[in-house]
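Chain D is already provided as a structure; the job is to place chain X on it using the hints.
One letter stands for each residue in the lines below.
There are 2 protein chains.
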Amino acid sequence: MDKILRIKMSADSSPEVKTESMGDFAGLGGRGLTSAIISKEVPPTCHPLGEDNKLVIAPGLLSGSAAAMSGRISVGCKSPLTGGIKESNAGGQPSQMLGRLGYAAIVLEGKPKADTLYKVFVNKDGVEVKEDNSLCMLGNYAVVDKMKAEFGEKIGVISIGQAGEQKLAGASIAFSDMEVRPTRHAGRGGVGAVMGSKGIKAIVVDDAGCGVRSPADPEKFKAANKTFVAGLRKHPVTGEGLPAYGTNVLTNVINEAGAYPTKNFMWGNFDNCQKISGETEAEIENARGGEGSATHGCHRGCVIRCSGTYYDKDGNYLTKQPEYETVWAHGGNCGIDDLDAIAEIDRMDDDFGLDTIEMGATVAVAMEAGLAEFGDAEAAIRLVKEVGEGTPLGKILGSGAAVTGKVFGVERVPVVKGQSMPAYDPRGVQGQGVTYATSTMGADHTAGYAVATNILGIGGTVDPLKPEGQVELSRNLQIATAAVDSTGMCVFIAFAILDQTDTFQALLDLIGGFIGAEMTADGVTDLGKKILIMEREFNEKAGFTSKHDRLPDYFKSEKLPPHDVTFAVTDEELDQVFNF
Amino acid sequence: MDKILRIKMSADSSPEVKTESMGDFAGLGGRGLTSAIISKEVPPTCHPLGEDNKLVIAPGLLSGSAAAMSGRISVGCKSPLTGGIKESNAGGQPSQMLGRLGYAAIVLEGKPKADTLYKVFVNKDGVEVKEDNSLCMLGNYAVVDKMKAEFGEKIGVISIGQAGEQKLAGASIAFSDMEVRPTRHAGRGGVGAVMGSKGIKAIVVDDAGCGVRSPADPEKFKAANKTFVAGLRKHPVTGEGLPAYGTNVLTNVINEAGAYPTKNFMWGNFDNCQKISGETEAEIENARGGEGSATHGCHRGCVIRCSGTYYDKDGNYLTKQPEYETVWAHGGNCGIDDLDAIAEIDRMDDDFGLDTIEMGATVAVAMEAGLAEFGDAEAAIRLVKEVGEGTPLGKILGSGAAVTGKVFGVERVPVVKGQSMPAYDPRGVQGQGVTYATSTMGADHTAGYAVATNILGIGGTVDPLKPEGQVELSRNLQIATAAVDSTGMCVFIAFAILDQTDTFQALLDLIGGFIGAEMTADGVTDLGKKILIMEREFNEKAGFTSKHDRLPDYFKSEKLPPHDVTFAVTDEELDQVFNF
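The listed protein sequences derive, respectively, from chains D and X. Residue 237 in my numbering sits at position 214 of the first sequence; the count goes up by one each step and never skips. Residue 42 in my numbering sits at position 19 of the second sequence; the count goes up by one each step and never skips.
Everything labelled a hint here was simulated from the structure, so no lab data went into it.
Keeping only pairs whose Cα atoms sit at most 25 Å apart, straight-line, the calculated DMTMM-like set for lysine to aspartate or glutamate is:
#: 1; chain 1: D; residue 1: LYS31; chain 2: X; residue 2: ASP576
#: 2; chain 1: X; residue 1: LYS564; chain 2: D; residue 2: GLU581
#: 3; chain 1: D; residue 1: LYS63; chain 2: X; residue 2: GLU434
#: 4; chain 1: X; residue 1: LYS136; chain 2: D; residue 2: GLU396
#: 5; chain 1: D; residue 1: LYS136; chain 2: X; residue 2: ASP576
#: 6; chain 1: X; residue 1: LYS134; chain 2: D; residue 2: GLU581
#: 7; chain 1: X; residue 1: LYS582; chain 2: D; residue 2: ASP75
#: 8; chain 1: D; residue 1: LYS582; chain 2: X; residue 2: GLU64
#: 9; chain 1: X; residue 1: LYS579; chain 2: D; residue 2: GLU64
#: 10; chain 1: X; residue 1: LYS31; chain 2: D; residue 2: GLU581
#: 11; chain 1: D; residue 1: LYS63; chain 2: X; residue 2: GLU581
#: 12; chain 1: D; residue 1: LYS579; chain 2: X; residue 2: GLU560
#: 13; chain 1: X; residue 1: LYS408; chain 2: D; residue 2: GLU412
#: 14; chain 1: X; residue 1: LYS31; chain 2: D; residue 2: ASP576
Here are a few chain X residues that sit away from chain D, every Cβ distance over 10 Å (derived from the structure):
#: 15; residue: LYS147
#: 16; residue: ALA267
#: 17; residue: VAL276
#: 18; residue: ASN309
#: 19; residue: GLY480
#: 20; residue: GLY492
Which chain X residues face chain D? A few, computed with CB under 8 Å, are given here:
#: 21; residue: HIS70
#: 22; residue: SER422
#: 23; residue: LYS429
#: 24; residue: PHE431
#: 25; residue: GLU434
#: 26; residue: ALA565
Bear in mind the structure is a predicted one, so any value in this text is a computation, not a measurement. For each residue, glycine too, the CB sits at the ideal point set by N, CA and C.
For reference, chain D alone in the conformation it holds in the complex (with noise of 0.2 Å):
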């Protein structure tokens, strides 16, 4: 991975293409490589959706290699949706196969004529960039099917639906996974927006005839790989819970723990959880699919394999399974407690382009606005329609809580710098507020996943009901995270690593077996604060304060049930975090 291919859209003439070296970017991927470009290249006034914004796509430092789940993909730019810096991260097989390509990133650019729309091609032989409208207001699955049917069944594609067509905030891009369908998304941060003002719909990929790419030291690498996959097995987390249930193992766990937000953040338990908790979707996959639907990785070389397919009555294929945010978002945040209508949500979702913690954070701000009740799960599915038809309504939502909360009065609108907050209620689990309101990302539960040490007593243990602790929990776990979402590696390793020590020295030896070169704790640390201050030197530039490290007031002064507690981390203390 030596080259950046850049992508440049013109009003006035053909796409241009170019490969250059690596130069001031070596050495860096994922998420360092996705942020160093955005702040160095990207005005931080300027409009997300205008010529001077960029979109890179940037496969891990590992991906492409040996290294078990290193497939994953960071794409950054100027967000749409908070106005500040982004890294959206999503798995599928293009971060492999773009690595094996030897490209560290693809970086998109300028502003091409208005109604064009592009695909490009990207393989050994070189890259092309094609007009085709033929692609116009396609879904996600069709604009996949129709890549398949013209570059063979062994690409990937990486492609935005509707939504990012029309430009909206709360638009995803879709990465395709192993079974080449457009199911793992890139979704926070209207990123899809960003890549539809550049008029690409789809960027196919086909490493046939790339190999592996070769560690420096393949013994060390090698060993260390064995050891850290060994490690991985052997964690409950990584190695029991998420192979077995998926990610919505976790329905059942947070709704116990009262920090589940429930009908638009009203409740921190949902009466009806059993009916769309991990056991229940597994128990309803598993009879009507029968082919191990809980054993899939969303990428080559997922050795935790959380993810799985979901089948409609009659046994057809209708989704990948549906994650906890998903299920939470479509599910107890709008009172909907039927698996049915929120596996065909997500499926709008994907085919659309659309996040689906947006969505559903926004669905739920429509019921309180009064467009539908809560718990109705047709009115639910004719909203999310309404996005994919590009209606007013559709448009309104499609943008996000942020503004459809703007556009229908509502005062209750849980976000942070314009984005929605996932499936942890920050009174419920007060380290994960912390994350919320001072992540560089707008809310977001992966930036620095409190919950694993609030709840899961993953990593030491710190009480989710208590601000004590919650700041320098939440500091540590987004310096990591910044780091480990620069190797391409899933964010799900962090149980393993928090809780064991060998498994963590056996990631520092796969890194440092890969480059060549000694890693330490402290480099890994060093990295993520790197990317740290970098992200908030954007973000400053572009017009946050501290002001906007903060949660909506009524976290202050609502008591969440169960347990009756209100976000209790002081303003000063959040004004902490970044002091390192």
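Frame of chain D, contents of chain X only:
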């Protein structure tokens, strides 16, 4: 004016009415009072539609006295449009009436039961607050008719239309004029949405039995008033231009200067501008009306009389004479050259309770998004109609240009701090650009009307196309305006007091004679600075930084024909505006 009326809405009990003395706020009026109350009592991070926000309606210091031009009123709150502090200023009768009743301010607080509307009646005997859901979703004209039927013909009415009830960020508050029609509006910043969030549809004021307020030094006051009025009458703008053609006298002037924002700020000239100029408007009005249409004031005691009446083709009353900014917003800015259509939209804006500037800017952004062709008057009428009907599209448009741009993915959105720019392109009148960028109010022309000096040569000369001198000009005007907005005086007196030292001295003596103290130019400046500092502090605590004191990037790169200029005042210079 020695008392403050507070009406506290509550979900659990009836509204609580309290009259209290001025306390800490003694000696303040208008904007000085609204900004002081908001600064002291409203948490800067609160939700603008929540129970912690307050709506303050305050006549000026001189309102209710015999001082000419003293009938303006200030409305303050945390703005749903900008997220910062807001003072929105209006004419009409209620200011003089409230002054005579002795109220320095009405403060609406708290949050009512959902779906209950209230009306308030204030006269010399006291205050009544009553439920009245029969007013639900009525336009301002119908509300005023109902209030006249109930309370008689000699009332003043402060009301909201459908937009305020929907809590749309473009919603205004209507103040009835001398003909008891809802034609004078506190337009900017979504103040109508805050009134809507308090559940108050109308405040009816009856000053029967109350005399004019007495000055402390009647001799000095009377003499000063005489000189002041003579000064206004002898100045060419306040004595000739405005009375003859109303504010729309500016259309030809600004167009000739190449600073007339045309088709969403694409050009500085509008080819067909003579069809919508003040001269043409006066001709039409005189031909159709015939009863001296250009000689109205908007309130008792006005000697400039820039208002008039617009009749339809059959000679029936349609609306008040549309102002320059309205004619521009719905006219040239949308490529529309049909005064009848513009007047029809003006009527709808007044009836629905919408800021005409925000709505015109929004329709132009919608046109740029492809919802209609520039110049299509029928389409513009249809779009604005949707706001009153409360359709999803109407809710988008009624939320203003920034939201509309976001929902439809438009890059060229001429807003600062979320508020639309008025009728002067900041590239063609660079001093105005400085005011737009730095005003505590968001893009606002009256906050520091540099057009006076840049274009009209009043108070000196500063080249409108060059950056030199603009910061100092805007600074001085912003300081002076904040003070004038506290007196109840119409901002148009500025033309005469900037040019004529004796008129300025007369103003000082008028205030001094009224309060019984010596008023100096320094005293006025100190008051203005104090208000601006207070407002800046509120905005800073709400999260604004110098990065928000900027025009959108494209004004710095896109050249405005015919002068082919960009906005050339640097960021460093902008940061000096409040360096006093």
